[in-house]
Amino acid sequence: MSKLRVAAGFAGALVVLGTAGRWGEAAQAGATVTGRVKFTGAKPTMRRIDMSEESACAAKYTTPPTEESVIVNTNGTLANVFVYVKSGLPAGYKPPAATTPVVIDQDGCHYKPHVFGIMVGQPLHIKNSDPLLHNIKSKGRANRPFNISQPNVTRTPTVRTFSAAEVMVSLECNVHGWMQAYAGVVAHPFFAVTGADGTFSLKGLPPGTYTIEAWHERYGVQTATVTVAGTETKTTEFTFAAK
Amino acid sequence: MTRRTAVVALLGSVLLPAPRSLLLAQDTTAGKVVYEKWCAGCHGEGGAGDGPGAAAMLPRPRDFTFGIYQIRTTATGQLPTDADIQRAIDEGIPGTAMPGWRAQLSDAERRDLVAHLKTLSTFFADTTMRPVPVEFGDPPGGGDEAVRLGRLFYDSIGCRKCHGDAGRGDGPSAPTLEDDAGLPTFAADLTQGWLFNGGASVAEIYRRLRTGLDGTPMPTFSDLLDQQFLTDEELWRVAQYVHSLSPARMPEVRDVVHAPAWSGPLPADPEDSAWAGVEAYWFPLVGQIVRRPRWFTPAVQGIWVQAVHTADSLALRLVWNDRSRSPDTSWLAFTGKVLAAVPGDDSVPPVAEPWPDQVAVQFPARTTTGMERPYFLMGAANDPVYQWRWVSSEGGRTVAGLARGLERFDTLPGSPVGRALYDEGQWRVVFTRSLATADSANPLQFGVERAIPMAVFAWDGSNGEHGGRMALSTWYFLALDTPTPPGALAVPVLAMGLTLGLGLVVVRRAQRRARNTG
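Going down the list, the protein sequences come from chains A and B. Each residue of the first sequence is one higher than the last, beginning at 2 in this note's numbering. Each residue of the second sequence is one higher than the last, beginning at 133 in this note's numbering.
It should be emphasised that the hints constitute simulated quantities derived from the structure, not laboratory data. Hints may contain errors.
Cβ-Cβ distance ranges computed for the label pairs, FRET-style [what the hints assert, rightly or not]:
| no. | chain 1 | residue 1 | chain 2 | residue 2 | range |
| --- | --- | --- | --- | --- | --- |
| 1 | B | Gly185 | A | His126 | 40 to 46 Å |
| 2 | A | Pro102 | B | Thr363 | 24 to 30 Å |
| 3 | A | Asp51 | B | Thr363 | 34 to 40 Å |
| 4 | A | Lys61 | B | Glu365 | 30 to 36 Å |
| 5 | B | Thr363 | A | Ala188 | 37 to 43 Å |
| 6 | A | Ala188 | B | Asp270 | 42 to 48 Å |
| 7 | B | Gly185 | A | Asn153 | 38 to 44 Å |
| 8 | B | Thr363 | A | Ala165 | 30 to 36 Å |
| 9 | A | Lys61 | B | Leu357 | 27 to 33 Å |
This structure is a prediction, so every number in the text was calculated from the model and none was measured. A virtual CB, placed ideally from N, CA and C, is assigned to each residue, including glycine.
Start from the sequences, fold in the hints, and give me the full structure.
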């Protein structure tokens, strides 16, 4: 188990309940929680995927494709960790859904991205860049499921939305059993997914004390409590250990 | 609403003009009573698909708590309509353990049940989730050209990935298919329409293409219409093609397999074109649930049996669909998942191995009369059965022997020649043997004009089947028909000719008379 190091919260906690107008202003600028997700222990070996059945996918790789459940960056951080505000937003905080679509692509018989965040009601554009059949099945529980087919490169993406916050909704292809993606569906814009440098940044937070959760598909979840005020930036760090 | 108020409402609606909703009043309390009596045994008290009977079933009984239904008229992800739920209750889900309840429960009971099922998932209470049936339209005219086009679209939208090139559920993705609960599942064998979960008419198949089967790997193809990847008519063609792969209904089950007398060499090759002209008999198979380990989820649903004989030899052809050519290590994970999903009742839990496919034909080991037959489950210690066993491993092996129950099998000399072929999800095996054998140790001497009891067993190794985990048939009869004596065919032809000739004479006479009098 990792110990999270959170800069202690103080007076800021008292400023949480301002008027709507006041936190509306704060959301414009707001506070930031930033940090990175470290990984300790032996990096697991990712199983090779046999794509011989799908030559069009296999041809997209110069090195043999592998599973993507654990991606440890060269700087010792962990990629594909979904970091988001789990609780602490003012009651009744209902930001409008982002209108910019989140795009998920099926490319080389892998999902790109493998992990992503999306707001409730925000459009998800589902693309297929492979000239072959994928089905994409969403297995939410708080959300209704869907299971659609895309038998070839898509000319226009299929659009879907999620109606309820749910961390995580898993997406899978049944034609290619290894294809797996995860969507963190939240009712606010305070989420991030760690990339190649293992960092995250949650910007524009209203003042308050927040439970920040970091989710990883193999290593589970960790939480941290952070209190922010005004436009300050607090740093927090998560560490996942090899199992 | 109580049962009584529902009845009063119903009566009232007969006497007075009442809104339709009152006429169809549903009673969740009454529905709960019906549910607990008839449904909870499999679907569980709370509807989570976890009743006492559930563990032996694959696919599992529906878990109602997620509000995810396979057979709907609504788009993927939507709730089913009341009529969709009603249909599943009334008619059952073919190909699964779910029977239809129309005969068992009254109209009111079945309607109340729908109301109760909708209380088991919170989604039904969400007014924003009103299910809307998809507009399906009418099928375009069918015919050979429609079927030919349907095959092209079957390929272009990737059906073969799971359902296979011949539609037998043996596509390259078949070994990894799982349902929403992560349990192993399989693509429908499109040549056995009577097992289609949502019905096998062209319209029903088309609906499954439009709505998908939520909870399973089967997606919707509706988005392809919106994206103009495929026209609606082209999707109907796929349904027409799929429909063309199955017989109109489940094959008729007949008690006696007639083996006609054959002139010329016996068709010992499973691919011999002569077999196309030989009557085929359908033996439905069921799981072996008498002895431990009992097996409720057999993969092989039935076997086609054909036989011909000459004066001194017999050829018996068995044809059955099996989505895996076992032993096959690419199915090993699937095998493990099946065995884990259906916990056996053996003393030691089985560990998945790449087991072979097998088939066995069984006859009594002694001459029987009338309906007298040995114990169907491989005989008994004091009343053995004579069996031919074929195993797919090591290029295929055939042995003959005596079985005395499940545990004991003693091979005998004089085994038949077995020749097998696996083709696109189908095994075809031909056994040939002389009718009589010189070896007196061999108990079964075939003879014409005597119906011999016969039964079959089948194992799909990749489905975890070996030993007592198998599919079996009941007893049937094999009758070696006597050859038609030369000239026998000439008699009816002669009689017909004579009748025709006499008729002509009579007609001509009548016409002549009519002319004379007219």
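Here's how the hints hold up against the structure:
1. The hint said 40 to 46 Å for the Cβ distance between B/Gly185 and A/His126, and at roughly 44 Å that hint holds.
2. A beta carbon spacing of about 27 Å between A/Pro102 and B/Thr363 agrees with the range 24 to 30 Å that was offered as a hint.
3. As the Cβ distance of A/Asp51 to B/Thr363 is approximately 36 Å, the hint placing it in 34 to 40 Å holds.
4. The hinted range of 30 to 36 Å is satisfied by A/Lys61 and B/Glu365, whose Cβ atoms lie roughly 34 Å apart.
5. For B/Thr363 paired with A/Ala188, a C-beta distance near 39 Å keeps the hint of 37 to 43 Å intact.
6. A beta carbon spacing of about 43 Å between A/Ala188 and B/Asp270 agrees with the range 42 to 48 Å that was offered as a hint.
7. B/Gly185 and A/Asn153 have their C-beta atoms about 43 Å apart, which keeps the hinted 38 to 44 Å range intact.
8. Distance hint for B/Thr363 and A/Ala165: a CB-CB separation of about 35 Å, consistent with the stated range 30 to 36 Å.
9. A C-beta distance of roughly 29 Å is found between A/Lys61 and B/Leu357, which places it inside the suggested range of 27 to 33 Å.
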